[in-house]
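Mapping of the sequence shown onto the numbering used here: residues 1 to 155, in sequence order.
It should be emphasised that the hints constitute simulated quantities derived from the structure, not laboratory data. Glycine is no exception: its CB is placed at the ideal position from the N, C-alpha and C atoms. Any given hint could be a false lead.
[What the hints assert, rightly or not] Now the in silico label distances, taken between C-beta atoms and shown as ranges:
1. Ile65 with Gln20: 30 to 36 Å
2. Ile67 with Arg91: 33 to 39 Å
3. Ala133 with Thr70: 16 to 22 Å
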Amino acid sequence: MTAQQSKGYITKSAYEQLIQICLDAKPLEACGIVVSSESNASPLADRPDDATFQLIDTIIPIKNIHIDPTRSFAFDPAEWTAAFYDMQKNRQTLVGLFHSHPRTEAIPSSSDSEGFLPASELSYWIVSLQNSAAPQVKPYRLTQGTFLPLHLVFA
């Protein structure tokens with residue numbers, strides 16, 4: 001994993017929107033996608049390797065239709081499809097998925113890994129609302145079957 005791949009870049013406004021979406025859904029798990037405007041996928045000027053990064057600047061919630069939405073999540077297929085096509089129409093890039101843990105820490109559970117694409121380059125953002133007054137947001141990347149934490153960077 002390169003230096004850029006070990007980081008999750010997000011704007012402050014997208015970060016705040018992510019937390020608010022999750023708080024609004026509590027006690028249910030919120031879920032959705034994190035997206036980058038195409039123009040944001042640009043080289044990092046302060047890095048010698050000229051690698052590109054994807055800056056998350058858009059959060060798109062998707063209805064959770066899981067049979068037990070207080071403990072797990074599943075995207076509503078119609079909303080997921082609409083969000084994907086809107087993203088393409090707006091020349092945006094899917095960076096990752098998000099969901100909340102209303103009562104537990106921002107650590108991937110066994111059920112989290114069951115629904116994730118094994119060869120995916122997507123990041124995986126978990127928002128813990130265990131302490132609603134101070135939510136924790138942690139990004140991960142699935143590598144060789146293991147969720148590796150990413151360093152959250154405000155850009």
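Verification of the hints:
{"no.": "1", "hint": "Ile65 with Gln20: 30 to 36 Å", "verdict": "violated (21 Å)"}
{"no.": "2", "hint": "Ile67 with Arg91: 33 to 39 Å", "verdict": "holds (36 Å)"}
{"no.": "3", "hint": "Ala133 with Thr70: 16 to 22 Å", "verdict": "holds (20 Å)"}
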